[in-house]
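Going down the list, the sequences are from chains A and B.
The first sequence begins at 1 in this note's numbering and counts up by one.
The second sequence begins at 1001 in this note's numbering and counts up by one.
Simulated from the structure, these hints should not be mistaken for lab results.
Accuracy of the hints is not assured; some may be wrong.
Looking from chain A toward chain B, a few residues come up when the C-beta cut is under 10 Å (computed) [as the list claims (entries may be wrong)]:
{"no.": "1", "residue": "A231"}
{"no.": "2", "residue": "L357"}
{"no.": "3", "residue": "R364"}
{"no.": "4", "residue": "E365"}
{"no.": "5", "residue": "A394"}
{"no.": "6", "residue": "N431"}
{"no.": "7", "residue": "T432"}
{"no.": "8", "residue": "G467"}
{"no.": "9", "residue": "V469"}
{"no.": "10", "residue": "H505"}
Note that the structure is a prediction, hence the values are computed from the model and not measured.
Glycine is no exception: its CB is placed at the ideal position from the N, C-alpha and C atoms.
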Amino acid sequence: MSESSLLDLPSGLVAFFMDLHEPRIPAVAVASGPCVYVYKNLRPYFKFTLPGLRVNTLEQDVWRQVREGQIDPLTLKEMLESVRKTADVPLSVRSLRFLSLDPDDMDDFVQLHKQQPIRRQTVITCIGTLKKSTADEDGVSCLVIGTESCDVFVLDPEAFIILSTMSLPAPPTMMDVTGQFDVEFRITVACRNGNIYILRRESEKPKYCIELSSHPVGLVRVGKNVVVGCADESLQGFTQKGKKLWTVLLPAPITTMASMELPTRGLQAVLVGLANCEVQLYRDKSLLSSIKTPEVVSSICFGRYGREDGTLIMTTKDGGLIVNILKRTASFEDRAAAAGPPLAQSVRLNVPKKTKLYVDQTLRERESGAAMHRAFQMDLSRLRLAAAGAYVKALESSLTPMSCRLSEPLKMNAVVQGLGPAFKLTLNVQNTAACRPVANLAVSFLYDESLYRMRTPYMRIPLLVPGVVYPVETFVECSSDKGISDIIKVFVLQEGSSAPLLSAHINMPVSEGLTIN
Amino acid sequence: MEVTMDPLFLAWSYFRRRKLQQCSDICTTILQDNSYDQAAWSLKTRALTEMVYIDEVEVDQEGIAEMMLDESSIAQVARPGTSLRLPGTSHGGGPTPAIRPLTQSGRPITGFVRPSTQSGRPGTMEQAIKTPRTASTARPVTSASGRFIRLGTASMLTNPEGPFINLSRLNMAKYSQKPNLSRTLFEYIFHHENDVNNALDLAAQATEHAQFKDWWWKVQLGKCYYRLGLYRESEKQFRSALNHQEVVDTYLYLAKVYQRLDQPITALSLFKQGLDHFPGEVTLLTGIARIHEEMNNIPSATEYYKDVLKQDNTHVEAIACIGSNHFYTDQPEIALRFYRRLLQMGVYNCQLYNNLGLCCFYAQQYDMTLSSFERALALVANDEEQADVWYNVGHVAVGIADLTLAYQCFKLALAFNNDHAEAYNNLAVLELRKGRIEQSKAFLQTAESLAPHMYEPHYNLSILSEKIGDLQSSYTAALKSEDSFPEHVDTQQLLKQLREHFSVL
Chain A
1 MSESSLLDLP
11 SGLVAFFMDL
21 HEPRIPAVAV
31 ASGPCVYVYK
41 NLRPYFKFTL
51 PGLRVNTLEQ
61 DVWRQVREGQ
71 IDPLTLKEML
81 ESVRKTADVP
91 LSVRSLRFLS
101 LDPDDMDDFV
111 QLHKQQPIRR
121 QTVITCIGTL
131 KKSTADEDGV
141 SCLVIGTESC
151 DVFVLDPEAF
161 IILSTMSLPA
171 PPTMMDVTGQ
181 FDVEFRITVA
191 CRNGNIYILR
201 RESEKPKYCI
211 ELSSHPVGLV
221 RVGKNVVVGC
231 ADESLQGFTQ
241 KGKKLWTVLL
251 PAPITTMASM
261 ELPTRGLQAV
271 LVGLANCEVQ
281 LYRDKSLLSS
291 IKTPEVVSSI
301 CFGRYGREDG
311 TLIMTTKDGG
321 LIVNILKRTA
331 SFEDRAAAAG
341 PPLAQSVRLN
351 VPKKTKLYVD
361 QTLRERESGA
371 AMHRAFQMDL
381 SRLRLAAAGA
391 YVKALESSLT
401 PMSCRLSEPL
411 KMNAVVQGLG
421 PAFKLTLNVQ
431 NTAACRPVAN
441 LAVSFLYDES
451 LYRMRTPYMR
461 IPLLVPGVVY
471 PVETFVECSS
481 DKGISDIIKV
491 FVLQEGSSAP
501 LLSAHINMPV
511 SEGLTIN
Chain B
1001 MEVTMDPLFL
1011 AWSYFRRRKL
1021 QQCSDICTTI
1031 LQDNSYDQAA
1041 WSLKTRALTE
1051 MVYIDEVEVD
1061 QEGIAEMMLD
1071 ESSIAQVARP
1081 GTSLRLPGTS
1091 HGGGPTPAIR
1101 PLTQSGRPIT
1111 GFVRPSTQSG
1121 RPGTMEQAIK
1131 TPRTASTARP
1141 VTSASGRFIR
1151 LGTASMLTNP
1161 EGPFINLSRL
1171 NMAKYSQKPN
1181 LSRTLFEYIF
1191 HHENDVNNAL
1201 DLAAQATEHA
1211 QFKDWWWKVQ
1221 LGKCYYRLGL
1231 YRESEKQFRS
1241 ALNHQEVVDT
1251 YLYLAKVYQR
1261 LDQPITALSL
1271 FKQGLDHFPG
1281 EVTLLTGIAR
1291 IHEEMNNIPS
1301 ATEYYKDVLK
1311 QDNTHVEAIA
1321 CIGSNHFYTD
1331 QPEIALRFYR
1341 RLLQMGVYNC
1351 QLYNNLGLCC
1361 FYAQQYDMTL
1371 SSFERALALV
1381 ANDEEQADVW
1391 YNVGHVAVGI
1401 ADLTLAYQCF
1411 KLALAFNNDH
1421 AEAYNNLAVL
1431 ELRKGRIEQS
1441 KAFLQTAESL
1451 APHMYEPHYN
1461 LSILSEKIGD
1471 LQSSYTAALK
1481 SEDSFPEHVD
1491 TQQLLKQLRE
1501 HFSVL
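All chains, please: the whole structure from these sequences, using the hints.
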């Protein structure tokens, strides 16, 4: 066991052979921030830092003037802002940070930093390996690095100098590398703009481009084809020239993907970890197998582990590790796709039959339809009157828990919590107006003082911002031990008006607390 | 000369005619003359017990402590169809929430309110201490005893002359030797004084005196253990009592124990065993039907309720449950028949007229619809009933496209019952039609917080948020809707649409 701490979050990890020494021990390269740390024999071996980016000359000039004391921070801010608007080379992190500062902090910041030269540094987003000159399994490999500045670098494994630089239209997120650097190679890069670019030897710009309908979340090369998992729960296959071959819809979002190659049995397939706790195995577009896992799988690796050739290692979201070993007798055959009409077609719906009673009633309806209609209409007018009467009464006494006045559209509901004798009363008051706040409100309670005691029988409500629910809380204590309950009336009042805006009746629960022996 | 009746005989007569107060008064005078009159003493205990007696079988209240801190449950995730606690996992056949509304615990509402239909396990402590809409008391009780005091006993109401029997001075051992006194004394202690510990003490000594051969004492011991929450012990006592003597009551008590232990399958087989001995016993059949209903197996429940009706064709619970089942399976005309039967039997209350009105409306008997609601309104006993009637009138108004009336009705429902989540939801839809988005959203949010078990407010809020372009809230609301009603097709479609929207470039 050995532990080395990194300065920054790691963004990628690969193992590769960097020399031809015997015994053959691979090195581990960890990409973190702008650096690649190479470890050998579990010890730090080398650190490679990406070259700095070109710095805007105007910006440099401005900072030089600051250093010489020619301009003050405020002028600096103005000048930097004009540089930012016009220049084609973006500002450095220092200048951007400076622009976001408060005027008070500017002086200190300038004093602290003006002596250092300006640098612009990028970070690594993904890392891969590429065989140098031989296709052997233990041949020397180059590191391939994708950066935030939309570049792809190929590094020499021994000298750690940049052998080749390629640029992309967008920052890369995932990459897959195949071939040999000295012969011919292909780098397939998924980028943050949702496109996939294919880079080849001897070309600084991408050769082919695949435009996806959704963001790529996984990229795996199978033979000469590329399989891409997308955020819209689909798996898509492309040729190495970017032609789409097939699409499979998956039952759940993809969490991770990996390739599974068994050269002894001629199997080349893709493992897809899904968010519904499943790992599915696809050969082209046909599902070969699926494994249920106890948790959502976050990463997958298939390959040789110890003496076992076919080992599947999975890590789970909650930090678990699952190791599966392939059965020697396992057969990988396509599952026959179900043919014919969908199952739902043969399901009979349970529709209740119309009863004889119903038929009889329709007869009655047919015979005395007019009379029924008249009776209904008469009842309806009566009921309308009754409803309108009750409604007016409720409005006049502001019984409803919502106010209908245009100037103060309010709504309230009350929740009682507790078992007694102490209850917590929460009034949720909300202003339902579109944009106007309501102020100067108060809440008062009406209750039987022989039964209840209230801590704050009168409260002022703060200004109500539209759309936000304001919980107003108070405590009620039941002072009776007879097991009886009563109604507490709540009124929301406005300053200067005697009629309440709205009121609510709270049926208090029976206090249970006193009866426990 | 006037011939006076023997006072003890008079007391007996009063007792038989259920004039319990007079009976107890006479006994008191007899006891003042001769405080060792055992007959009068025994009669007085019986009279006092009868005054507050409640059927022990029917009362079943699960306290908050039993619900939330339950250690007798074996499997937290029971297999489908074996538990009363996961109503959603029963073997289907029940109507979906789109057709038959659910209670807070996720069961379809029943046609008959009894103590256990209102309860159900709240998912969280928050839900447990909140006062639900269906009952006017804070339903989950702190402990079993709390509820029984209010329902049955008189010990809380102070007696000016002090208690009739001073339990602390009672010589339990002495009384347990006297079989003719000990039973009435036990019932008095158990029902009137609600002192389970002393009752248990007496029962234990008495059963010992009877050489463990008396089934009655074993049942009483079982009742005491049940009250104390010692379900396994009470099961043992009831089982042993059944070995001595087959009694229907014992079967019912034992089934109650199994239900409390969340073993509905055992309870069902026990009921069936009981039916072998007492074929056609109504209480046993009702018990089976209730368990089926609680396990969301409505078709079997209806079958058993029909069996109940074959034995007792005036069984209100069976008629009401079958009626409501017909109503929710799209046969309101048959439901109407059942409710009419209840009316003929003399059930005359607001709920019945309310149901009749709804059945008439959906069976297209329009001339009777509104008059039924009018009667229901005239018969309301409290604000909650009034709110429910107005809510249903609102539904009828929506059905005849009179939106003004519907609006007024839903608002009235809210005026009478501030926590009517369904009314909030419907009002929100009406407000949305009027184009008042802010109001509508506020109402939906209230409905959501009042009744998190209903899928409608979540779904409506999801649609509304989607319309105004707030896709994130729409998605969260749709997820909540899916949570409470996973099979809802519209929610699924909306979710699919939203997911597509999120993943598209």
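Hints, verified against the model:
1. A231: Holds - the Cβ of A231 (chain A) comes within 10 Å of chain B, reaching about 4 Å at its closest.
2. L357: holds (5 Å)
3. R364: holds (8 Å)
4. E365: Holds, because the Cβ-Cβ distance from E365 (chain A) to chain B comes to roughly 6 Å (cut-off 10 Å).
5. A394: Holds. Min distance 4 Å.
6. N431: It holds, given that the least Cβ distance between N431 (chain A) and chain B is near 9 Å, below 10 Å.
7. T432: Constraint on T432 (chain A) satisfied, holds at 4 Å.
8. G467: holds (6 Å)
9. V469: holds (7 Å)
10. H505: holds (7 Å)
In the structure shown, no violation is registered for any of the earlier numbered hints.
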